[in-house]
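Q: Letter by letter, the chains look like this.
2 protein chains.
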Amino acid sequence: MLSFDPDDSRYLRELSAFVAIPSVSRDAESATMRAAAGWLAGQLEFAGGLVMVPASGHPFVRADWLDAPGAPTVLVYGHYDVQPTGDEAEWITPPFHPTVDGDIIRGRGTSDDKGPVYLVLKTAQAFMAQEGALPLNVKFLFEGEEEIGSPNLAAFVADHAAELAADLVISADGAMWRPTEPSVSLASKGLVSLDIVVEGASTDLHSGRYGGTVANPIHALAVILASLHTPDGAVAVDGFYDGIPPLSAERRHEIAEIPFSAGNYLAELGLTLGHGEPGYTTLERLWERPTLDVNGVRSGGKYTVIPHVAIAHISCRLVPGQDPDHVIDVITAHVEAVAAPGVRVTVRADEARVPAYTIAADHPAIRAATAALEAVYPGQHVLNARVPGTLPATAMFERLLGVKTLFFSFSTADEKLHAPNEFFRIRRLREGMRAWEQLWRLLAGTKEAS
Amino acid sequence: MLSFDPDDSRYLRELSAFVAIPSVSRDAESATMRAAAGWLAGQLEFAGGLVMVPASGHPFVRADWLDAPGAPTVLVYGHYDVQPTGDEAEWITPPFHPTVDGDIIRGRGTSDDKGPVYLVLKTAQAFMAQEGALPLNVKFLFEGEEEIGSPNLAAFVADHAAELAADLVISADGAMWRPTEPSVSLASKGLVSLDIVVEGASTDLHSGRYGGTVANPIHALAVILASLHTPDGAVAVDGFYDGIPPLSAERRHEIAEIPFSAGNYLAELGLTLGHGEPGYTTLERLWERPTLDVNGVRSGGKYTVIPHVAIAHISCRLVPGQDPDHVIDVITAHVEAVAAPGVRVTVRADEARVPAYTIAADHPAIRAATAALEAVYPGQHVLNARVPGTLPATAMFERLLGVKTLFFSFSTADEKLHAPNEFFRIRRLREGMRAWEQLWRLLAGTKEAS
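Which chain is which? The protein sequence lines are A and B, in order.
Using my numbering, read the first sequence as starting at 519 and increasing by one per residue.
Using my numbering, read the second sequence as starting at 519 and increasing by one per residue.
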């Protein structure tokens with residue numbers, strides 16, 4: 519068994535340096551993204567870490583340690599980019615000044631995905647320092663565009679398919695379902711996104727001098743957005759649910775058996791009432807059903823104007839059976855059918871279209887991951903969960919490299935990912951290192967030196 | 519008859535200096551607002567121009583010329599504050615770098631209300647220079663908060679009611695209806711405004727990890743906003759139209775007689791279809807009917823989030839018969855009734871509540887204004903129009919000073935007031951000065967020296 523640092527001080531110092539680089543893929547300058555990539559490459563020196571800058575997009579980080587002949591090869595995937603901060607005024611401490619606060623470290627990217635990436639690096643370094651080798655062959659691939667839909671990842675993997683060939687992808691992205699017990703994820707949802715743009719007059723108009731005589735784009739947009747769901751929370755777009763197999767009685771039973779309090783779940787969010795597709799429990803909605811959310815809306819301001827344009831940003835989380843292109847098509851048709859006269863309505867679908875992804879419960883990687891977690895969390899049952907989030911890389915790896923992806927992240931779903939005050943549980947650093955050690959040993963067929 | 523400058527160069531230079539002061543009452547620093555007030559006071563030196571700083575709010579500018587014993591006294595009202603610029607990228611030239619472009623001058627405030635205020639000053643100065651006196655007693659009162667609902671004007675007028683006593687208020691704010699013929703305005707609409715705040719979870723949530731299980735505040739807000747109008751454009755809030763007398767056949771006939779092309783009106787706005795309350799023509803909607811417009815909406819952004827708050831800004835233009843408090847009450851009741859479960863909905867009504875205002879067509883001031891315009895625009899019919907915008911000061915002047923307000927502005931309604939690329943027609947400078955000269959002479963009972 520590897521020995522790790524007796525206390526967390528070095529780990530927190532190093533992780534803080536990584537988090538302090540504001541690598542927001544949506545709008546950071548390229549120098550900032552290269553700084554984050556460079557930091558990662560530096561940590562991968564033992565495996566020849568390289569920053570590879572593609573023709574367009576943020577850099578990839580690559581490294582290979584392939585000195586375990588006869589052992590399997592895994593490709594470790596993660597990302598160094600982060601979501602925008604949102605309103606910085608809502609952060610308790612500045613998003614890029616990572617701060618230890620009791621048993622957590624707070625900062626944008628601590629949980630998604632810099633913390634989970636960081637602990638893999640430390641596991642590998644500990645193997646090299648203490649055993650002079652990793653127990654199996656490991657290729658590393660980290661990208662800087664996961665939070666914007668990985669627009670350049672597929673081309674990179676296709677161009678380097680031979681060098682990236684592996685028996686399994688292990689993703690350091692994803693998340694444990696909740697802090698109370700370990701879980702492995704058997705699926706992630708797909709993702710499509712689009713903007714609805716409603717345009718009225720050629721310019722903003724004085725609401726007195728023109729009010730009541732021309733269509734207001736905000737009113738027209740509100741009608742469209744209100745039409746996307748039924749009052750009780752189902753998606754009201756005809757064809758949205760096409761292709762989804764019915765939820766089996768067996769799976770419903772399996773989910774019902776999981777200890778879960780919808781009341782506590784809501785209370786932690788400051789809510790008393792849930793809301794969602796009728797006929798499903800909270801966990802079924804979360805894991806098994808697709809969603810359509812308006813993520814943003816923007817027009818005019820607090821002054822007496824009829825704005826000439828109103829914009830909504832929409833994204834959908836998809837489940838197995840749904841075709842991303844078909845989902846875009848039916849939403850577009852719905853919006854065009856609902857659009858009021860007197861305004862121009864345009865639907866702009868984003869390029870990135872990610873189908874849902876699954877891995878079988880009896881896949882050898884799932885069995886190994888379950889065993890690794892059982893070793894690190896003795897006496898606890900390892901749940902079969904889902905990632906209701908989207909990992910765009912998974913379907914692509916299967917298509918281009920012909921292998922499945924195991925989600926093996928030590929992020930937890932309640933760590934305010936994508937929101938202000940994102941944090942990471944400090945204990946997950948140590949639990950994660952130990953678990954990666956076990957996982958690699960198990961996958962290598964190596965017996966653990968206990 | 520006064521003689522004015524043979525060309526416009528000085529006028530444009532001076533007006534540009536006034537417009538270049540970015541006196542945006544919503545968010546300018548107090549030094550900027552004082553600079554604009556100071557510029558005005560300087561122009562009123564002949565009447566002892568003073569900047570008066572109230573305990574709260576932006577300064578007032580006051581001046582009196584009272585050396586016409588036996589002649590009537592008028593109080594000239596206007597404002598030196600301007601609307602926010604909106605998106606500066608949409609301006610052809612920067613909003614606070616006023617630019618002459620052919621027969622117009624472009625810049626924020628050129629038309630609302632700095633240009634129309636400026637030309638009164640020049641008229642008065644020309645009287646003083648050429649005749650050594652004004653034809654009647656004139657008090658000047660300019661404020662810096664018109665665009666934010668004049669929150670401190672009533673208290674100022676109440677505190678100085680004796681000094682401000684006059685036989686008539688003449689407002690340099692307002693607007694000619696259109697550039698093709700002169701018009702006098704017999705009414706202005708009232709105004710109330712409010713915000714609708716919809717709150718969900720206590721923090722922004724990852725749309726994958728929580729999507730489908732909790733109410734999305736944007737969805738709930740869209741349902742509320744969509745419910746405020748019928749599909750064909752009437753306000754759907756029960757009680758909104760309470761108290762409005764039916765439009766008389768006589769008034770309908772009068773409006774129908776006015777040469778007006780709804781097609782051209784829409785074409786100038788880049789539109790082919792109008793939209794509004796059914797059963798009324800475009801002009802009837804504009805002049806005789808109240809409106810409810812969502813002016814702004816804001817939540818989240820283009821990333822995969824369920825925002826925890828969504829906000830809409832709403833304002834209503836009111837007509838005679840509507841009680842502003844009642845309108846706020848019925849909207850609040852409507853919103854509360856429509857609010858979906860799973861979110862908290864709050865209606866925040868703004869303090870400023872302005873009723874509609876009217877002046878009789880046969881009021882002596884209207885007769886004098888009509889005659890003055892006929893003199894400046896020979897051979898043209900002077901229309902009886904309405905200001906569909908709101909001049910909050912009018913009802914207050916009537917209440918506190920007991921006098922009517924004559925709208926006498928040389929702004930034109932198509933000059934992109936409150937929008938990017940606001941402009942003022944340069945010819946209106948000269949037409950306006952001549953008209954104010956005529957108006958003052960007529961009100962004074964002085965025969966014009968032609």
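Read the hints as simulated data drawn from the structure, not as lab findings.
Careful, some of the hints might be misleading.
For chains that are exact copies, the list does not tell them apart, and a pair is met inside one copy or across any two.
Pairs of lysine to any residue residues, derived as SDA-like cross-links and limited to a Cα-Cα distance of at most 20 Å, are as follows [as the list claims (entries may be wrong)]:
#, residue 1, residue 2
1, 922, 894
2, 922, 827
3, 820, 602
4, 657, 777
5, 820, 866
6, 820, 867
7, 922, 880
8, 820, 717
9, 657, 571
10, 820, 768
11, 820, 871
12, 820, 744
13, 820, 540
14, 922, 610
15, 820, 842
16, 820, 713
17, 820, 575
18, 922, 705
Q: Between copies, within a copy, both or neither: which fits residue 820 and residue 540 at Cα up to 20 Å?
A: Between. Shortest inter-copy distance 18 Å satisfies the 20 Å Cα cut-off; intra-copy 32 Å does not.
Q: Classify it for me, residue 820 with residue 717: is the Cα-Cα distance of at most 20 Å met within a copy, between copies, both or neither?
A: both (19 Å within a copy, 18 Å between copies)
Q: Indicate which option fits the pair residue 820, residue 744 if close means a Cα-Cα distance not exceeding 20 Å: within, between, both or neither.
A: between (22 Å within a copy, 19 Å between copies)
Q: At most 20 Å between alpha carbons: which applies to residue 922 and residue 827, within, between, both or neither?
A: neither (44 Å within a copy, 39 Å between copies)
Q: At most 20 Å between CA atoms: does that hold for residue 922 and residue 610 within a copy, between copies, both, or neither?
A: For residue 922 and residue 610, the Cα distance exceeds 20 Å both inside one copy (39 Å) and across copies (55 Å).
Q: My question is about residue 922 and residue 894: at a cut-off of 20 Å on alpha-carbon distance, are they close within one copy, between copies, both, or neither?
A: Result: close neither inside a copy nor across copies, 24 Å intra and 83 Å inter.
Q: Could you place residue 820 and residue 867 in one of the four classes (within, between, both, neither) given a Cα distance threshold of 20 Å?
A: For residue 820 and residue 867, the Cα distance is within 20 Å only across copies (12 Å; inside one copy 29 Å).
Q: Between copies, within a copy, both or neither: which fits residue 820 and residue 713 at Cα up to 20 Å?
A: Between copies, since 8 Å is at most 20 Å while 23 Å is not.
Q: Reference check for the pair residue 922 and residue 880, CA-CA at most 20 Å: within, between, both, or neither?
A: within (12 Å within a copy, 85 Å between copies)
Q: With identical chains, the pair residue 820 and residue 871 could be close in the same copy or across copies; at 20 Å between alpha carbons, which is it: within, between, both, or neither?
A: For residue 820 and residue 871, the Cα distance is within 20 Å only across copies (16 Å; inside one copy 36 Å).
Q: Checking an output row: residue 657 and residue 571, CA cutoff 20 Å. Within, between, both or neither?
A: within (18 Å within a copy, 71 Å between copies)
Q: Evaluate residue 820 and residue 768 at a C-alpha cut-off of 20 Å and name the case that applies: within, between, both or neither.
A: neither (52 Å within a copy, 38 Å between copies)
Taken one by one, the earlier hints fail for this structure at numbers 1, 2, 4, 10 and 14, listed in ascending order.
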